[in-house]
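Novice: Modelling step: build the complete structure from the supplied sequences, incorporating the hints.
These protein sequence lines are chains H and B, in that order.
Under the working numbering, the first residue of the first sequence is numbered 2, with each subsequent residue one higher.
Under the working numbering, the first residue of the second sequence is numbered 372, with each subsequent residue one higher.
Take the hints with a grain of salt, since some may be wrong.
Unchecked claim - Computed list of lysine to aspartate or glutamate pairs in DMTMM-like fashion (alpha-carbon distance at most 25 Å, straight line):
#: 1; chain 1: H; residue 1: K305; chain 2: B; residue 2: D428
#: 2; chain 1: H; residue 1: K400; chain 2: B; residue 2: D510
#: 3; chain 1: H; residue 1: K400; chain 2: H; residue 2: E87
#: 4; chain 1: H; residue 1: K400; chain 2: B; residue 2: D387
#: 5; chain 1: H; residue 1: K400; chain 2: B; residue 2: D405
#: 6; chain 1: H; residue 1: K400; chain 2: B; residue 2: E434
Note that these hints are calculated values from the structure, not bench results.
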Amino acid sequence: MRLWTEIVGAIAEAWQELRIHRTRVLLSLIGVGVAVAALTTVVAAGAIVQQAQTETLERQGGRPAHVTLNAYDTATGQQPDPELIEAAFQRVAERYDIGWTSRTFGLGARVQTPYGVVDAGLSLADPDWGVMHRAELVEGEWFTDRDALRLAPPVIVNEYLWRQLGSPPLSSHPTIDVVSGDRPLTVVVVGIVPSPLWDEYPQMHGLTAHMDRFIPREELQYQWPQLELWLPVDNADALMEVVRRDMAGALGEDVQVDAWRDDYLVWGASDPLEFVRLLVAGVGILILLLGALGLLNIALVTIKYRIREIGIRRSFGAGAGRVFFGVMMESVVATAVAGVAGVALSVLAVRILSATLLAEIVQDVPAFPLDAAIFGLVVSVAVGALAGLLPALFAVRVKVIDAIRY
Amino acid sequence: MLLSLRGVTRTVELPDAPPLEILRGVDLDIDEGDHLSIVGRSGSGKSTLLNIVGLIDTPTSGEVELDGVPLSSVGTGRRDRLRGRNVGFVFQQFNLLPGRTALENAETALLYAEGRQFWQRRRIATAMLERVGLGDRLDSTSDQLSGGEQQRVAIARALVRGPRLILADEPTGALDVETGASIMQLLIEVARSTGAALITITHDPNVAGLASRHYRLDRGVLADDAQGLLAAAGVARQLPPAPSPAAIEGGAS
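Specialist: In structure tokens form, the structure reads like this:
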């Protein structure tokens, strides 16, 4: 019961204190709020940039652990029979329960646009490729297994090519005539992938299943597929070696199978994003220290002005614990409120930043990271506790007699 | 016996000088309903004695007993609670909390109470302010009150927990003669009605003369002040008449 009255009493006391000294409180809150906002914004922006950078890297090299296999006959210098490769690849994937695989071909095609026939890049892959490379579309959807059944091969074009086609709505099922094959081919545009500002090359994605429709039959044997696998990161290297060995065993003695990781985690010995992380953490800590110092400064100056008041309260029965708790709570409550305001400010700042600057640099700006908001609140409470500790200790050491005469 | 002091001394260590003896062998017994005055020159140890009696300070040697319990065996936390429960302070400079209303100031002491006193603090503080004639100034902040009114708020604050011992340190020191007289009248009246002991520390022989027991503190030694009593009785006759309730109600500055 006494604890309950102590807590309620301390809250009533702290509320009075905050109300009476609202100008001082507001000033210290502004400092803390701005510091928390800055820190949270840096953390959030850092997380967003990091996320964006990660996604970009994953689009280029695949999601970790991304493994690519290649096979060639050492005796002939040619690739083994494509059907043999495909069969061996499927067996290995089934044996090790690898759920995400793709055969990928990098080709070219000539396509008809309103401006004439143009060369376009043509990337053929299996439907899993979209997930493995985190493919994101401006409009439409990535291929599914059922798309292989279509008579008119579906394609996904980049924005640049789509604009060259006259930006037709996908609901009108726009088509493109491919003129580079040995027979007429009309493909249907089912999706659009974004083109960065610097990308001025028409590009199409299609399905490996439709490969014989894009290139002349006699050229098929000269197309070397890249076999891609998405493996669990933990035992990726060991699994990669087992897959490579099994593939080599299945294709015969003369066939050499190479396997390599090409996701961003293996680019160099260290994490390529480590620098970004360290920079963000460094800036964050610096801002936090400055904010805490400012708050501590204000709190210490304030407590000197409150010595008499503390003495009066103690003369009426306030114990040392109550005085300590009261001063600490004022600080924590104030910084917690400042923290909420700071995080709100940060969300606003990041939203504006996302809509303007970040939108120019990255394609997909992730939502405000919840981690950053929680971090901002925890930091504000911790700063309040730390900044309140010294004044609270000071307040407890105040001698009642001297304080009343202060 | 409410409070007793036996052989109380208080010494302060000074750098590069022999220790300073502020109180020397003070013996004092205080019963409920007593009204004591302690006079003495500045620096004679009056406030130090008041702080020891008020459980704010502890003696260097000697013993202080509250209800027969020696306070030397009581921990700091319990002494804080005993102080809050049993002692009410009235200071010379009022010591109201700045920026707070009269009601909030009177409530302050109840923030450290328990049970009914804590939960009904607003009602109790309001009743006490009405009793000291400030029922219509509840929401006035200290800077909107006259000196006399501020001291009334301080008295209300000192009395809200129903203390058994009221310690008034120069309660009229910052007031003019008439206001001082009305404040003393009020203090004596509420102390009498609650049965609390009242100890007044003062330079003012008029104020000292209102007490029933008189002490003089000289260089740390507390002695009966029979001479002072006679002198005070002489001056007390010259005091203005006690103010009417209407005058108390209106306050004076």
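Novice: Could you run down the list of hints and mark each one as holding or not?
Specialist: Hints and how they fare:
no. : hint                : verdict
1   : K305(H) <-> D428(B) : holds, 21 Å
2   : K400(H) <-> D510(B) : violated, 31 Å
3   : K400(H) <-> E87(H)  : violated, 86 Å
4   : K400(H) <-> D387(B) : holds, 23 Å
5   : K400(H) <-> D405(B) : violated, 29 Å
6   : K400(H) <-> E434(B) : holds, 21 Å
Checked against the numbered hints above, the structure violates hints 2, 3, 5; every other hint is satisfied.
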